[in-house]
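Q: Residue numbers (UniProt numbering), protein chains in the order written: chain A, 1 to 434; chain B, 1 to 177.
Among these hints, one or two may not hold up.
What the hints assert, rightly or not - Below 20 Å or equal to it, Euclidean Cα-Cα: the simulated SDA-like pairs (lysine to any residue) are:
hint, chain 1, residue 1, chain 2, residue 2
1, B, Lys137, A, Pro2
2, B, Lys21, B, Val43
3, B, Lys135, A, Gln47
4, B, Lys162, A, Ser28
5, B, Lys93, A, Asn300
6, A, Lys321, A, Leu296
7, B, Lys135, A, Leu296
8, B, Lys91, A, Ser182
9, A, Lys42, A, Lys321
10, A, Lys29, A, Pro5
11, B, Lys135, A, Leu79
12, A, Lys50, B, Asp88
13, A, Lys29, B, Glu97
14, B, Lys80, B, Asp54
Said to hold, decoys possible - Now the stretches of chain B that chain A is said to cover, found in silico as 3 or more residues with beta-carbon under 8 Å:
hint, region
15, 69 to 75
16, 143 to 149
17, 159 to 170
Hints listed in this document are in silico derivations from the structure and should not be mistaken for laboratory results. Every residue gets a Cβ at the ideal spot worked out from N, C-alpha and C, and that includes glycine.
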Amino acid sequence: MPNLPPEIVTDILSRLPVKALRRFRCVSKPWRSLIDSKDFVKLHLHQSTKTNSNRCLLVEDTLLDAFAVDLDSFERLDLGDPPLHDHGMANSCNGLVLAVSDTPLLWNPSTRKFKELPPTPLDPPGDVKVYVNELYGFGYDSKSDDYKVVRVTEVGDGPDGEYLYSETKIYSLKSNSWKRVSDYPHILPSGKRVWGVYLNDALHTVVKHCHHCESIMAFDLGTAEHHELPRPDLTGENVGVASVEVMGGYLTALVPRNMNRSEIWVMKEYGVKESWTKLLCFAPPMPEPYMNLTPLAYSNNGDEVLLNYDGRCLPAYSLRKQAVRIVDLPGLVPPFYNVACFATSFYAEVYVGSLVSLDSPSEDDGSEKQSVQGQVNAKKDKNNRDEFLSVGFKLVYLFMTLLSYSQVLVGASGDEEEISWNVSMELFNRCGVE
Amino acid sequence: MARKNRNPVGKNVDPEAQKKKTRTLTLKSSDGQEFSISESAAVLSIAIENMVEDDCAGGVIPLPLVDGGTLARVITYLNKHAEDGASDEEKRKFDEEFVSGMEMGVLFDVVLAANYLDIRGLLREVRRRIADRMKNKSVEWVRKTFHIESDFTPEEEEQMKKEFAWAWEGVDSDVDD
Numbered sequence: 001m002p003n004l005p006p007e008i009v010t011d012i013l014s015r016l017p018v019k020a021l022r023r024f025r026c027v028s029k030p031w032r033s034l035i036d037s038k039d040f041v042k043l044h045l046h047q048s049t050k051t052n053s054n055r056c057l058l059v060e061d062t063l064l065d066a067f068a069v070d071l072d073s074f075e076r077l078d079l080g081d082p083p084l085h086d087h088g089m090a091n092s093c094n095g096l097v098l099a100v101s102d103t104p105l106l107w108n109p110s111t112r113k114f115k116e117l118p119p120t121p122l123d124p125p126g127d128v129k130v131y132v133n134e135l136y137g138f139g140y141d142s143k144s145d146d147y148k149v150v151r152v153t154e155v156g157d158g159p160d161g162e163y164l165y166s167e168t169k170i171y172s173l174k175s176n177s178w179k180r181v182s183d184y185p186h187i188l189p190s191g192k193r194v195w196g197v198y199l200n201d202a203l204h205t206v207v208k209h210c211h212h213c214e215s216i217m218a219f220d221l222g223t224a225e226h227h228e229l230p231r232p233d234l235t236g237e238n239v240g241v242a243s244v245e246v247m248g249g250y251l252t253a254l255v256p257r258n259m260n261r262s263e264i265w266v267m268k269e270y271g272v273k274e275s276w277t278k279l280l281c282f283a284p285p286m287p288e289p290y291m292n293l294t295p296l297a298y299s300n301n302g303d304e305v306l307l308n309y310d311g312r313c314l315p316a317y318s319l320r321k322q323a324v325r326i327v328d329l330p331g332l333v334p335p336f337y338n339v340a341c342f343a344t345s346f347y348a349e350v351y352v353g354s355l356v357s358l359d360s361p362s363e364d365d366g367s368e369k370q371s372v373q374g375q376v377n378a379k380k381d382k383n384n385r386d387e388f389l390s391v392g393f394k395l396v397y398l399f400m401t402l403l404s405y406s407q408v409l410v411g412a413s414g415d416e417e418e419i420s421w422n423v424s425m426e427l428f429n430r431c432g433v434e
Numbered sequence: 001m002a003r004k005n006r007n008p009v010g011k012n013v014d015p016e017a018q019k020k021k022t023r024t025l026t027l028k029s030s031d032g033q034e035f036s037i038s039e040s041a042a043v044l045s046i047a048i049e050n051m052v053e054d055d056c057a058g059g060v061i062p063l064p065l066v067d068g069g070t071l072a073r074v075i076t077y078l079n080k081h082a083e084d085g086a087s088d089e090e091k092r093k094f095d096e097e098f099v100s101g102m103e104m105g106v107l108f109d110v111v112l113a114a115n116y117l118d119i120r121g122l123l124r125e126v127r128r129r130i131a132d133r134m135k136n137k138s139v140e141w142v143r144k145t146f147h148i149e150s151d152f153t154p155e156e157e158e159q160m161k162k163e164f165a166w167a168w169e170g171v172d173s174d175v176d177d
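Construct the entire structure; sequences and hints are all you get.
A: Below, the structure written as structure tokens:
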């Protein structure tokens, strides 16, 4: 076997998943230095983003357990013992995931390292009477090459907690410390887990001024300033952007039209109003007063868009066929419907498998120790429960979905009738297999 | 949709492109084998294109770093990618099959040739394929394949293995390739 020049070897290594790279650090000292180097970590991340590979879907299911699947194969990944004991997953950036609780943490599911953020009280703590609401966002500031967590806390006063101001603090991974910046000048969105979604050095959020009158705001992680982004040009009355998300490197907007359909728009060129384009129109199985629809990822050939429909199921929408199939994730416990049709929901976030480190250069190796310790202390207590519950509920759930999708799709145009049949058969086959 | 306007009949045919299709070049491998190839296929290699443009080709192009077997494979690839009317989907399928049957040693030869001849698509495809074959392999397999001797002490190696034991789970047994 011939010897390969170093640039080819580096390129080949940059195409490997993190698990293999963890192992191949052991090949030799030069390989270890290469794989550990900052440049290689960036090259690996760049390669994964460019080729749409190493993408994983992290799911916090209805029992609040976290698991992940590879987005190409939908095979389950071994996360070890995720450190999310009393944490709720928020957003991810460059392979790091923010998980929120009283002590938020950053976690790299691929390297299994995590780091608890230092606590930061409200500022000044004595003044505060009532705490109202709190949301986080997380992203990368390329200008300072730093990862930053933003916490916005609505602070109130008086017996009924009347709103006073929104304290905003930024955590920098490099300095491992929090810093207060100008207060957030708007009310926090309700029913959201994440304050802002990350794209292009900024966190994006929708600010409601009044009914169907809103702005898309971007918070620059470098300057800590807010600026407005153009909205899509929407025709029709009482139509607005309900929320924004990031998918495949693009900002997307959820536009609910009425109880029977919602649209997803995509901003193809960042900051350019004219580039807003309608991507898809989604009809829920049953009319919904408010539809929570989150685009997660494009399929590798770009034809399908994976959606999170209200934490109830994962529809894959084919842009070519304009049809929906439901992706069945191994290990996902379906929602529990009670008599009132109320369902607890799951949360899903796409992350890229990366080597990005959580070490702050300003401290010694403390974080590494902490992570290893965390892995040892964590307990395994869930897999059996998952297996047991999922089998029983899955069949009922699939049948319900089958019925409701048929109802929606049958009865429009002839094309759609055919689609509904395909969808139904697919679900039906899946029931049969299981 | 994009395929409709692929070959506008009659009009707009670049006479230079037509000439390249009919002109043939001869490539000579390190072990003296000669291969005929249309110029339009050969110039998918940036290195060959530069030689042709600089007019230093003079009929036969010697490629002293590529052996006959490897060159034959590379030419198969070039011919397919220069083929009229081959859709992107067809080429993608061809690439997939082209590299799937190759042993690791052959992949190494082809990646070196693609690097030397500067054939971007082939280089990308083969590097991806090598990574794909490597990802579940053992450390020992990698050392053998890449001719690397460990400079770690057994204790250091054991320590690293202990720290990331999960990365050693599900590794292929060391059969060839």
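Q: Hint compliance check: list the failing hint numbers for this structure, sorted ascending.
A: The structure conflicts with hints 7, 8, 9, 13, 14 and 15, although it agrees with all the remaining ones.
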